[in-house]
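Q: Sequence:
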Amino acid sequence: MADGNRWEGKRHVGDLRKQARQLENEIDLKLVSFSKLGTNYSGSREYHGNSDTAPLLNKANSEHMFETMAMEIEQLLARLTQVNDQMAEYTQNISVNSHNSALLHTLQRHRDILQDYSHEFQKTKANITACAEREDLLGSVRRDIDAYKNATQRRTDLYLKENEHIRNSDRLLDEQISIAMATKENLQGQRGTFNSITQKLSNMGNRFPVINSLIQKVNLRKRRDAIILGFVIGICVVLLLIYAFH
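The sequence shown lines up with residues 1 to 246 when you count with UniProt numbering.
It is worth saying that the hints were derived from the structure and are not from the lab.
Incorrect hints may have been included.
Unchecked claim - Using 27 Å as the maximum straight-line C-alpha spacing, the simulated DSS-like pairs for lysine-lysine come out as follows:
1) K125 - K30
2) K200 - K184
3) K30 - K18
4) K36 - K123
5) K200 - K217
6) K149 - K161
7) K161 - K30
8) K161 - K36
Stated by the list, open to error - Just the calculated beta-carbon pair ranges, DEER-fashion:
9) D28 - T152: 50 to 60 Å
10) L137 - G14: 48 to 58 Å
11) A102 - T68: 35 to 45 Å
A quick note: this is a predicted structure, and the numbers were derived from the prediction, not measured.
Virtual Cβ for every residue (Gly too), placed ideally from N, Cα, C.
Generate coordinates for the entire structure from the input sequences, incorporating the hints supplied.
A: Okay, structure coming up:
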């Protein structure tokens with residue numbers, strides 16, 4: 001019965017060691033891929049960080065792959081830890097002999113491998129996380145610098161436009177002043193012409209006083225005839241009214 005239990009225990013331990021080796025191989029392959037992902041992730045972010053616009057889709061894909069692989073490795077490490085704990089529990093329930101010593105040595109080797117894998121995983125994960133945080137910080141700084149440059153450029157454009165508006169206003173003002181000066185000169189010329197005509201008429205009146213006197217007499221006669229005609233018309237109207245009412 002004891003031999004059966006011992007054989008059954010050896011079989012159980014053999015299954016656990018087989019599971020441990022399979023998990024270790026899977027973890028080793030995952031860690032290699034995870035390390036390459038970290039290298040590619042860092043290089044890609046550094047390359048795109050030097051450009052004006054980083055492809056957000058590639059960045060999101062890299063972050064998704066990083067999170068997925070990290071979760072898979074953590075699950076494999078947890079399963080390997082569980083298998084190692086089961087082997088350790090078995091070794092505590094058997095007697096101390098040469099087989100037990102070899103099993104303890106094997107268990108310690110699996111624990112060392114698990115510790116190395118855990119350390120390598122945490123180191124790679126920390127490096128990728130630090131790289132991502134550093135690139136995010138640099139990206140934020142670059143965006144702030146670009147925003148400042150754009151704001152400065154916009155202010156410069158506004159200053160140039162305002163300067164252009166001022167120059168256009170000065171040009172329009174100069175044109176209006178030129179038009180006003182030309183109008184003033186034209187009015188002064190017309191005033192001089194009118195003064196010249198008035199002076200000529202006055203000279204003609206002084207030079208021909210008889211003509212001036214004759215013109216005045218004609219005007220007086222016209223006014224006298226108009227008065228007489230109006231008086232006659234008035235008398236006729238009165239007589240007609242008297243006749244009409246009687």
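Q: If a hint holds in the structure, say so; if it doesn't, say that too.
A: How the hints compare with the structure:
1. K125 - K30: holds, 12 Å
2. K200 - K184: holds, 24 Å
3. K30 - K18: The hint holds at about 18 Å.
4. K36 - K123: This hinted pair holds, its Cα atoms lying about 13 Å apart.
5. K200 - K217: holds, 23 Å
6. K149 - K161: holds, 18 Å
7. K161 - K30: violated, 60 Å
8. K161 - K36: Distance ~53 Å between K161 and K36 Cα, so the pair is violated.
9. D28 - T152: 50 to 60 Å: holds, 53 Å
10. L137 - G14: 48 to 58 Å: With a Cβ separation near 52 Å, L137 and G14 satisfy 48 to 58 Å, so the hint holds.
11. A102 - T68: 35 to 45 Å: For T68 against A102, whose Cβ atoms are near 39 Å apart, the range 35 to 45 Å holds.
Hint compliance for this structure: hints 7, 8 are not met, and every other hint is.
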